[in-house]
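The task is simple: from the sequences and hints, build the whole structure.
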Amino acid sequence: TSNILSTFYSNFNFNEALNTTVTAEEFLRSWLEEKNYPIVNVNFESGNESTTVIFRQTRYIGSFALNNSLSDPDYAWKIFVECDLGGSSTDGNWNLTTNHVKSKLKFLFDTSSYTIEIPNENYLWIKCNKDFYSFQVTEYLSPGDKILEVWEHFETLFNDDLLSNNDKADILNNAFILPHGGEFVDYNTTIALIRAMHNNPVSFSTAWPVFVWHWNYLMGVEEHSRYFRNFKQFATDTILALYEYNIDNVVSAGATHQEK
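At position 253 of the sequence shown the residue is numbered 253 (our numbering), and the sequence of numbers has no breaks.
Quick caveat, the hints were computed from the structure, so don't treat them as lab data. Honestly, I wouldn't trust all of these hints.
Stated by the list, open to error - What follows is a set of in silico ranges between Cβ atoms, one per label pair, in the way DEER data are often shown:
| # | residue 1 | residue 2 | range |
| --- | --- | --- | --- |
| 1 | Val202 | Asp72 | 30 to 36 Å |
| 2 | Trp208 | Ser71 | 32 to 38 Å |
| 3 | Asn95 | Pro73 | 30 to 36 Å |
As the list claims (entries may be wrong) - Under the rule of at most 27 Å between Cα atoms (straight-line distance), these lysine-lysine pairs were calculated in the BS3-like manner:
| # | residue 1 | residue 2 |
| --- | --- | --- |
| 4 | Lys102 | Lys78 |
| 5 | Lys78 | Lys104 |
| 6 | Lys146 | Lys106 |
| 7 | Lys35 | Lys106 |
| 8 | Lys146 | Lys104 |
| 9 | Lys78 | Lys106 |
| 10 | Lys146 | Lys102 |
| 11 | Lys35 | Lys78 |
The beta-carbon is built from N, C-alpha and C at its ideal position, and this holds for glycine as well.
Right under this line is the structure:
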């Protein structure tokens, strides 16, 4: 067995690609021997003359095992980060499909936070976990009142072939998971992305199964379950909004209590 593992590990060489001393064995053990999985917050700030990206990782609350007494709250996974950046702005006019740089950022993230400064370069969006290869949740945040701006750009990019099928599936997967944990992204973002999928269904061959899995999972939640409160509130508000938030408008006049 040791010979097989040695041969397996020898096929991976992070040093040359990522300029790191982390071995393949250390990388794999950080995932195989630790319960739960991480959430990576990508704080994206683009100015007139530079772009700043701050990465933070923590244990995702929605992945917690029933008994986490032995889990290290400050544990840092060894995460292979690979991100595309794109978009440009000229005189206030945005173009999301230009200036696309594939794998602009590529590094091994093994600390609680890491900051990257990109001088003299300006972008409008960032997409990490390239091609959906890593088992993590990713949340993209922008500063100030534009906190969900990257997600709004994703809605537009869903209608373009710039992102791969797997990248679109990863974005949708995050959009379903994040609202459950009470992060900044809510189910309004999720629904907006789903609506965008109808415009070019061929480019969503991987994303549609992700949608079906999550939707079936949400629909299977028990009516009186104490979980998924955020989704239940969103669904209730969405339905009642159609009837001016008056349950009496949902059913015909004279309906019994049971019918309502």
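Here's how the hints hold up against the structure:
For the pair Val202 and Asp72, the beta carbons lie near 44 Å from each other, so the given range of 30 to 36 Å is not met. Between Trp208 and Ser71 the Cβ separation comes to about 35 Å, which falls inside the hinted range of 32 to 38 Å. Judged by the Cβ atoms, the range 30 to 36 Å given for Asn95 and Pro73 is violated: they are separated by roughly 43 Å. Straight-line distance between C-alpha atoms of Lys102 and Lys78 comes to about 22 Å, which keeps the hinted pair within the 27 Å bound.
With a C-alpha separation of about 19 Å, the suggested pair Lys78 and Lys104 falls inside the 27 Å cut-off, and the hint holds. Under the criterion of a C-alpha separation no larger than 27 Å, the hint pairing Lys146 with Lys106 is consistent with the structure, at around 26 Å. For the given pair, Lys35 sits about 25 Å from Lys106 by alpha-carbon distance, which is consistent with the 27 Å threshold. Taking the CA atoms of Lys146 and Lys104, the gap is near 23 Å; set against the 27 Å cutoff, the hint holds.
Taken as a hint, the Lys78 and Lys106 pair is honoured in the structure, with Cα atoms around 13 Å apart against an allowance of 27 Å. Restraint check for Lys146 and Lys102: the C-alpha separation of about 24 Å stays at or below 27 Å, so the hint holds. Among the hinted pairs, Lys35 with Lys78 is consistent with the structure: their alpha-carbon atoms are about 14 Å apart, no more than 27 Å.
When held up to the earlier numbered hints, the structure conflicts with 1 and 3 and fits the remainder.
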